[in-house]
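Chemist: Here is what each chain is made of, one letter per residue.
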Amino acid sequence: MTELYSGDFGEHAETRPTALEADGLGKRYRRGWALRNCSFRLPAGRICAMVGPNGAGKSTLMSIAAHLLAPTEGTVELFGRPLDAPENQGRIGYAAQDKPLYGGFTVAETLRLGRDLNPSWDQAKAEALLAGGRFPHSARIGSLSGGQRTRVSLAVALGKQPDLLILDEPMSDLDPLARHELMGLLMAEAAERGTTVLMSSHVVAELEDACDYLVLLADGKVLLAGDIEELLDAHLLVTAAVTEDGTPAELASHQVIETRRNGRQLTALLRPDGPLPGGWHAETPTLGELLLAHLRASGVPALLTDEARPAAAAVAA
Amino acid sequence: MVDFRIDRRSGVATYLQIVQQTKQALRLGLLVPGDRLPTAKQVVEATAINPNTVLKAYRELEREGLVAPRPGLGTFVLRTLAHEEAAPDSPLRAELAAWAARARQAGLDRDDVTALVAAVVDEEFTAGPGDAAGKDKGNL
Chain A
1 MTELYSGDFG
11 EHAETRPTAL
21 EADGLGKRYR
31 RGWALRNCSF
41 RLPAGRICAM
51 VGPNGAGKST
61 LMSIAAHLLA
71 PTEGTVELFG
81 RPLDAPENQG
91 RIGYAAQDKP
101 LYGGFTVAET
111 LRLGRDLNPS
121 WDQAKAEALL
131 AGGRFPHSAR
141 IGSLSGGQRT
151 RVSLAVALGK
161 QPDLLILDEP
171 MSDLDPLARH
181 ELMGLLMAEA
191 AERGTTVLMS
201 SHVVAELEDA
211 CDYLVLLADG
221 KVLLAGDIEE
231 LLDAHLLVTA
241 AVTEDGTPAE
251 LASHQVIETR
261 RNGRQLTALL
271 RPDGPLPGGW
281 HAETPTLGEL
291 LLAHLRASGV
301 PALLTDEARP
311 AAAAVAA
Chain B
1 MVDFRIDRRS
11 GVATYLQIVQ
21 QTKQALRLGL
31 LVPGDRLPTA
41 KQVVEATAIN
51 PNTVLKAYRE
61 LEREGLVAPR
71 PGLGTFVLRT
81 LAHEEAAPDS
91 PLRAELAAWA
101 ARARQAGLDR
111 DDVTALVAAV
121 VDEEFTAGPG
131 DAAGKDKGNL
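Taken in order, these protein sequences are the chains called A and B.
The first sequence: position 26 = 26 (the working numbering), numbered continuously.
The second sequence: position 41 = 41 (the working numbering), numbered continuously.
Calculated from the structure, these hints are not laboratory results.
Hints are not guaranteed to be accurate.
[As the list claims (entries may be wrong)] Residues from chain B shown here face chain A by an in silico Cβ test under 8 Å; the list is partial: (1) Arg8; (2) Thr14; (3) Ala40.
[Said to hold, decoys possible] List time: in silico SDA-like cross-link candidates among lysine to any residue, alpha-carbon distance up to 20 Å: (4) Lys41(B) to Asp209(A); (5) Lys125(A) to Gln42(B); (6) Lys41(B) to Ala124(A); (7) Lys41(B) to Glu84(B); (8) Lys41(B) to Gly194(A); (9) Lys41(B) to Glu181(A).
Just so you know, these numbers come straight off a predicted model, no measurement behind them.
Built from N, CA and C at the ideal position, the CB exists for glycine as well.
With the sequences and hints as input, model every part of the structure.
Modeler: Spelled out as structure tokens, the structure:
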């Protein structure tokens with residue numbers, strides 16, 4: 001087998017085709033809007049972390065992208081075409097958070113169903129994912145533990161050989177060993193086939209090594225989207241000794257996301273605009289610091305990198 | 001072949017850890033010219049890191065002239081970082097071994113010897129011209 005990319009991958013990010021593009025996406029349930037005015041672009045070949053507090057709209061957005069839920073407003077495009085375009089048939093693999101599999105089916109029957117429903121099915125790949133699970137293929141789904149069901153659900157999603165893999169909290173009920181093994185297999189699949197991955201999780205450490213792209217949702221809106229390194233570089237974590245209360249005047253020209261005070265020491269996460277005042281110590285934040293500051297703050301303007309901005313806002317006029 | 005070990009808490013960027021570990025393997029002779037580096041797929045399957053991180057590390061090694069990609073075949077080692085002068089049977093090493101034995105006889109323990117060597121190395125490599133000490137430390 002030839003290696004898919006031998007060096008040029010990642011250098012032409014701006015010319016990469018789009019895997020997923022949401023434009024003004026909204027979903028209203030009876031209790032209110034779960035998602036509103038949600039726009040971002042996910043280039044093909046990226047491993048994207050979808051992060052946000054409970055109820056931020058992650059699962060709603062993923063269900064819409066997986067074409068299982070109709071949006072109230074706005075559009076989603078997959079590889080430059082509407083979700084229901086014939087070309088997009090079978091291009092998405094989706095593992096839902098609640099792992100909806102037939103409890104009465106055996107593992108073998110579940111794979112058989114996957115094979116029958118998907119022309120591009122790769123039985124060996126699905127079985128490779130199950131191999132580390134130490135349960136027989138004759139076991140009924142209903143008799144499996146949560147983590148074992150997760151494994152079957154991932155096997156079905158990857159066996160389809162999709163171009164876009166949508167995983168809603170894929171690792172949440174796996175033990176650390178299985179987590180490492182399955183994340184490794186997932187990354188290997190992405191390396192081999194250039195699969196785009198969109199996955200949600202609450203565990204930053206889990207996402208930090210695997211993901212190179214981020215969509216942060218809060219209150220049904222996109223707060224941050226784009227290449228993780230680029231987003232980190234657009235922020236600074238600054239500290240200084242201050243005497244007066246409130247946000248110091250010398251930070252006023254920068255977009256301050258959050259300030260925290262401990263005695264005389266003030267720590268602020270900001271989006272710098274021009275040089276910092278003297279006497280401030282500045283560092284690039286970690287992914288965890290960036291996420292936490294944005295989640296704690298309120299009324300922060302959204303930041304989308306160039307790559308993450310939808311190409312055309314007015315297509316369906 | 002090398003196995004990369006990613007330490008998430010080291011504070012060193014992941015791609016840089018791969019660069020440094022490859023160089024270490026080149027210094028120790030674990031990798032020699034003509035050897036193939038593991039494919040991105042092999043590395044990410046074992047480490048569960050992002051494929052682009054591996055490719056970024058390989059591009060850095062390529063930029064430094066240590067490896068070269070051959071399309072469709074993989075990434076291959078071009079040159080070694082091992083010094084013949086530092087091989088197990090080299091005169092330099094024999095002299096150092098003899099010196100270490102004398103230091104021990106003189107009553108120095110392991111920490112004393114290590115500190116003494118570090119101090120002398122510091123003096124030698126900060127003063128002299130043609131100093132290459134900082135070059136391969138993986139400066140960002």
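Chemist: Please go over all the hints and tell whether each is borne out by the structure.
Modeler: Consistency of the hints with the structure:
no., hint, result
1, Arg8, "7 Å, holds"
2, Thr14, "6 Å, holds"
3, Ala40, "5 Å, holds"
4, Lys41(B) to Asp209(A), "15 Å, holds"
5, Lys125(A) to Gln42(B), "15 Å, holds"
6, Lys41(B) to Ala124(A), "17 Å, holds"
7, Lys41(B) to Glu84(B), "33 Å, violated"
8, Lys41(B) to Gly194(A), "11 Å, holds"
9, Lys41(B) to Glu181(A), "13 Å, holds"
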